[in-house]
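Visitor: Put together the whole structure using the sequences plus the hints.
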Amino acid sequence: SAAVDDDDKDERGTGSGQAAQSAAVDDDDDDDETCGFCIFMKAGGCKAAFTDWSKCVDQEREKGGDFASDCREMTFALRECMLEHKEYYAPVLGEEEEYVADKKEAAKSS
Numbered sequence: 114s115a116a117v118d119d120d121d122k123d124e125r126g127t128g129s130g131q132a133a134q135s136a137a138v139d140d141d142d143d144d145d146e147t148c149g150f151c152i153f154m155k156a157g158g159c160k161a162a163f164t165d166w167s168k169c170v171d172q173e174r175e176k177g178g179d180f181a182s183d184c185r186e187m188t189f190a191l192r193e194c195m196l197e198h199k200e201y202y203a204p205v206l207g208e209e210e211e212y213v214a215d216k217k218e219a220a221k222s223s
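When you line the sequence shown up against our numbering, it's residues 114 to 223, in that order.
Read the hints as simulated data drawn from the structure, not as lab findings.
Note that beta-carbon positions come from the ideal geometry of N, C-alpha and C, so glycine has one too.
Do not take every clue at face value.
As the list claims (entries may be wrong) - Quick list of the computed label-pair ranges, beta carbon to beta carbon:
id: 1; residue 1: S182; residue 2: E209; range: 17 to 27 Å
id: 2; residue 1: S222; residue 2: E197; range: 30 to 40 Å
id: 3; residue 1: K217; residue 2: E146; range: 27 to 37 Å
id: 4; residue 1: D183; residue 2: K160; range: 13 to 23 Å
id: 5; residue 1: A161; residue 2: E218; range: 32 to 42 Å
id: 6; residue 1: E186; residue 2: E210; range: 20 to 30 Å
id: 7; residue 1: A220; residue 2: L196; range: 16 to 26 Å
Unchecked claim - List time: in silico EDC-like cross-link candidates among lysine to aspartate or glutamate, alpha-carbon distance up to 16 Å:
id: 8; residue 1: K168; residue 2: D183
id: 9; residue 1: K168; residue 2: D179
id: 10; residue 1: K168; residue 2: E186
id: 11; residue 1: K160; residue 2: E146
id: 12; residue 1: K160; residue 2: E197
Guide: What follows is the structure in structure tokens.
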């Protein structure tokens, strides 16, 4: 693969222009995946739901949109899929449960 100058990188450190576009479009090529969380998520039963969610989030971030609301349906679909495969996704679901419990506890004490 060709080297990319530092000036030709976006905020995530990937090359801009056509190389980045083809990398973003070619999500089926998991050999180049460097995000440990992404590798984990795609290795379970929710690869398609995760990929759809991830693309939505990336597109909204590029547009400066509100991915929390604009990707809400995909977020719910991903979560439902993860609950269907909770044995595999237990580490992520456990983190979510801890976060929610901490928020509830903080709300009680304020």
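Visitor: Look at each hint and say if it fits the structure.
Guide: Hint check results:
{"no.": "1", "hint": "S182 / E209: 17 to 27 Å", "in the structure": "19 Å, holds"}
{"no.": "2", "hint": "S222 / E197: 30 to 40 Å", "in the structure": "35 Å, holds"}
{"no.": "3", "hint": "K217 / E146: 27 to 37 Å", "in the structure": "35 Å, holds"}
{"no.": "4", "hint": "D183 / K160: 13 to 23 Å", "in the structure": "22 Å, holds"}
{"no.": "5", "hint": "A161 / E218: 32 to 42 Å", "in the structure": "35 Å, holds"}
{"no.": "6", "hint": "E186 / E210: 20 to 30 Å", "in the structure": "22 Å, holds"}
{"no.": "7", "hint": "A220 / L196: 16 to 26 Å", "in the structure": "24 Å, holds"}
{"no.": "8", "hint": "K168 / D183", "in the structure": "12 Å, holds"}
{"no.": "9", "hint": "K168 / D179", "in the structure": "14 Å, holds"}
{"no.": "10", "hint": "K168 / E186", "in the structure": "13 Å, holds"}
{"no.": "11", "hint": "K160 / E146", "in the structure": "13 Å, holds"}
{"no.": "12", "hint": "K160 / E197", "in the structure": "13 Å, holds"}
Every hint, counting from the list given before, is met by this structure.
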